[in-house]
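Sequence order for the protein chains is A and B.
The first sequence: position 100 = 100 (my numbering), numbered continuously.
The second sequence: position 62 = 62 (my numbering), numbered continuously.
Careful, some of the hints might be misleading.
Identical copies carry no separate label here, and so any pair may be met within one copy or between two of them.
Said to hold, decoys possible - Below are the SDA-like pairs computed for lysine to any residue, each with C-alpha atoms no more than 25 Å apart in a straight line:
(1) K207 - I231
(2) K33 - E12
(3) K117 - G23
(4) K207 - I85
(5) K117 - S16
(6) K33 - R17
(7) K117 - K207
(8) K33 - A173
(9) K117 - P205
(10) K207 - S34
(11) K33 - A45
(12) K117 - N155
(13) K33 - K207
(14) K106 - D169
(15) K33 - P116
By construction, these hints were calculated from the structure, which means they are not laboratory data.
There are 2 protein chains.
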Amino acid sequence: MRNVLNTLRVLEEVASRQPIGVGELARLLEMPKSSVQRALVTLSAAGWIRPNSGEITRWVMTTKALAVGGHASGDLGLRDAAVPIMEDLRRRTEETIHLTVPEDDKVVLIERLETPKPVRISMALGHALPLHASANGKAVLANSGSEIVSLLLVNELPRYTDTTITDPDQLLAELAAIRERGFAVNHGEWRSDVGSVAAAVMGGPEKPIASLSANIPMSRLTEEAEAAYGIAVSEAASSLSARLGYASGPAARTGC
Amino acid sequence: MRNVLNTLRVLEEVASRQPIGVGELARLLEMPKSSVQRALVTLSAAGWIRPNSGEITRWVMTTKALAVGGHASGDLGLRDAAVPIMEDLRRRTEETIHLTVPEDDKVVLIERLETPKPVRISMALGHALPLHASANGKAVLANSGSEIVSLLLVNELPRYTDTTITDPDQLLAELAAIRERGFAVNHGEWRSDVGSVAAAVMGGPEKPIASLSANIPMSRLTEEAEAAYGIAVSEAASSLSARLGYASGPAARTGC
DNA sequence: GCACAGTGTGCCATGTCATGGCACAGAATA
DNA sequence: TATTCTGTGCCATGACATGGCACACTGTGC
Numbered sequence: 001m002r003n004v005l006n007t008l009r010v011l012e013e014v015a016s017r018q019p020i021g022v023g024e025l026a027r028l029l030e031m032p033k034s035s036v037q038r039a040l041v042t043l044s045a046a047g048w049i050r051p052n053s054g055e056i057t058r059w060v061m062t063t064k065a066l067a068v069g070g071h072a073s074g075d076l077g078l079r080d081a082a083v084p085i086m087e088d089l090r091r092r093t094e095e096t097i098h099l100t101v102p103e104d105d106k107v108v109l110i111e112r113l114e115t116p117k118p119v120r121i122s123m124a125l126g127h128a129l130p131l132h133a134s135a136n137g138k139a140v141l142a143n144s145g146s147e148i149v150s151l152l153l154v155n156e157l158p159r160y161t162d163t164t165i166t167d168p169d170q171l172l173a174e175l176a177a178i179r180e181r182g183f184a185v186n187h188g189e190w191r192s193d194v195g196s197v198a199a200a201v202m203g204g205p206e207k208p209i210a211s212l213s214a215n216i217p218m219s220r221l222t223e224e225a226e227a228a229y230g231i232a233v234s235e236a237a238s239s240l241s242a243r244l245g246y247a248s249g250p251a252a253r254t255g256c
Numbered sequence: 001m002r003n004v005l006n007t008l009r010v011l012e013e014v015a016s017r018q019p020i021g022v023g024e025l026a027r028l029l030e031m032p033k034s035s036v037q038r039a040l041v042t043l044s045a046a047g048w049i050r051p052n053s054g055e056i057t058r059w060v061m062t063t064k065a066l067a068v069g070g071h072a073s074g075d076l077g078l079r080d081a082a083v084p085i086m087e088d089l090r091r092r093t094e095e096t097i098h099l100t101v102p103e104d105d106k107v108v109l110i111e112r113l114e115t116p117k118p119v120r121i122s123m124a125l126g127h128a129l130p131l132h133a134s135a136n137g138k139a140v141l142a143n144s145g146s147e148i149v150s151l152l153l154v155n156e157l158p159r160y161t162d163t164t165i166t167d168p169d170q171l172l173a174e175l176a177a178i179r180e181r182g183f184a185v186n187h188g189e190w191r192s193d194v195g196s197v198a199a200a201v202m203g204g205p206e207k208p209i210a211s212l213s214a215n216i217p218m219s220r221l222t223e224e225a226e227a228a229y230g231i232a233v234s235e236a237a238s239s240l241s242a243r244l245g246y247a248s249g250p251a252a253r254t255g256c
């Protein structure tokens, strides 16, 4: 299905560079103009893109991708179950709350509630965060099987800021500490001005299915706040795990 | 490009019914099983879907669609410009704020900020609302050219609740009233328990590019509240129009 | 135990239809 | 007017999507 793959490439390129025309796309994707043209017409017929208002020769996305992505991400009903709990968490913390799901070697933001405070952290839905340099990622990692962690450590850990953990042993120690205290903390390890406190949502033993976090500008993240947020976040995460049918706790009961 | 269209149909179907297997999809889409199978493998190779964790034979969406739809909807930068204004609007109203864009014969929700209050109205991003039965839709319609309105009136207006406006003359009168007072109101015309107050964001004369609304449970929507929200919403909408480069006002100045 | 109705997957001859080079039309330079 | 960008249209070639069919497997019921 080469044509389908090509057409999807065109779609993604349009999404990230809209509004854009045939020629530029062909150059960027190193594809023949005719092929790109056909792909565009097809995508338009399918309702995923449309000519930009005014100019007919450049294309923009419709909201189709949003509608498809919207009721699509994560396990069924995760978001519905999560939103009320996230509301509650925002009331308690008054900070921006993120819901992420693990995917491949990253976690992806699928829902957020913003803090009412003026200094905010804003990230687009669908944004991916590294496992080793985000509170959500580390919370997920700490609750995954050791083979997942080993797999991550095969390659070098990318550094993003001064505080990013890149040493494998240090990461293992950090994960142990997270398991110990029940929540993960990030001190500007990915973006130097962004801190966060996260806890994993479990779907079974060693099976994290999501993660909840409170995201705080580093300027507001004191030691006491950290502890308080940690408790709030881990309570919210267990309560979400429970609502999704997994009774969290030190010993997971296997069925029957 | 029949195969592309088919593959996209498969993708949409997976999105709305995940997790789902080959056979069921083939039946729903009335396509040969082999074709569906190939489409699924292709989509998986492109990273849009993946086998559901645990069972290999049923498929779920990845977050690709979300990422693509995320930085894709609406005119470039609309969302970035809108979010701070929406924040402000939420502070003033303490109600759920919606940002929608017109698309074909509907308006589509592309961003929202939730009220801190317990009784909320929740709608998925990407959700479409009718033009004649939502505050956002009516706000857009009232600021569009009359040919757009006529086009809508060619077909009968669907009724959703007791208060839905289905009479063309009544709708025209309503639109005139909206232009007069500067904002649109919806009294449970689409969902009987949901009210809202909206104002259009303009990109040029008779060229609405978006709409902002405060969404309020009917139980909370008093007359005084309505007037206050109306002012807040229309101020926010003009300020967003201005930020996007269109100086709103009674007389639009044409370039140069 | 066996038949049966479900799954999902693999194979392959047929001929449809995507390919991509090329030519053309129009716009915006110079 | 010549030039160089756009975007679009056409068409012979042959690659590859098609979809019927067979197979493997699982769970159910007699």
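Evaluated hints:
1. In this assembly of identical chains, K207 and I231 lie within 25 Å of each other by CA distance solely inside one copy; the values are 21 Å within and 49 Å between copies.
2. In this assembly of identical chains, the alpha carbons of K33 and E12 lie at most 25 Å apart only when taken from the same copy (17 Å versus 27 Å across copies).
3. Proximity of K117 to G23 under the C-alpha cut-off of 25 Å is found in neither arrangement, the shortest distances being 44 Å within a copy and 50 Å between copies.
4. Taking identical chains as interchangeable, the C-alpha atoms of K207 and I85 lie at most 25 Å apart only when both belong to the same chain, with a minimum of 20 Å there against 40 Å between chains.
5. Proximity of K117 to S16 under the C-alpha cut-off of 25 Å is found in neither arrangement, the shortest distances being 30 Å within a copy and 36 Å between copies.
6. Taking the shortest Cα distances, K33 and R17 sit within 25 Å of each other inside one copy (17 Å), while across copies they are farther apart (36 Å).
7. Taking identical chains as interchangeable, the C-alpha atoms of K117 and K207 are never at most 25 Å apart, the minima being 34 Å within one chain and 33 Å between chains.
8. Proximity of K33 and A173 under a CA criterion of 25 Å is satisfied in neither setting, with 53 Å inside one chain copy and 50 Å between copies.
9. Within a single copy, K117 and P205 get their C-alpha atoms no closer than 37 Å, and across copies no closer than 35 Å, so neither meets the 25 Å cut-off.
10. In this homomeric assembly, K207 and S34 never come within 25 Å of each other (Cα to Cα): the closest approach is 47 Å inside a single copy and 33 Å across copies.
11. Proximity of K33 to A45 under the C-alpha cut-off of 25 Å is found in both arrangements, the shortest distances being 18 Å within a copy and 24 Å between copies.
12. In this assembly of identical chains, K117 and N155 lie within 25 Å of each other by CA distance neither inside one copy nor across copies; the values are 39 Å within and 46 Å between.
13. Taking the closest pair of Cα atoms, K33 and K207 never come within 25 Å of each other, the shortest separation being 46 Å inside a single copy and 32 Å across copies.
14. With identical chains, the CA atoms of K106 and D169 are at most 25 Å apart within one copy only, with a shortest distance of 20 Å there and 55 Å across copies.
15. Within a single copy, K33 and P116 get their C-alpha atoms no closer than 48 Å, and across copies no closer than 50 Å, so neither meets the 25 Å cut-off.
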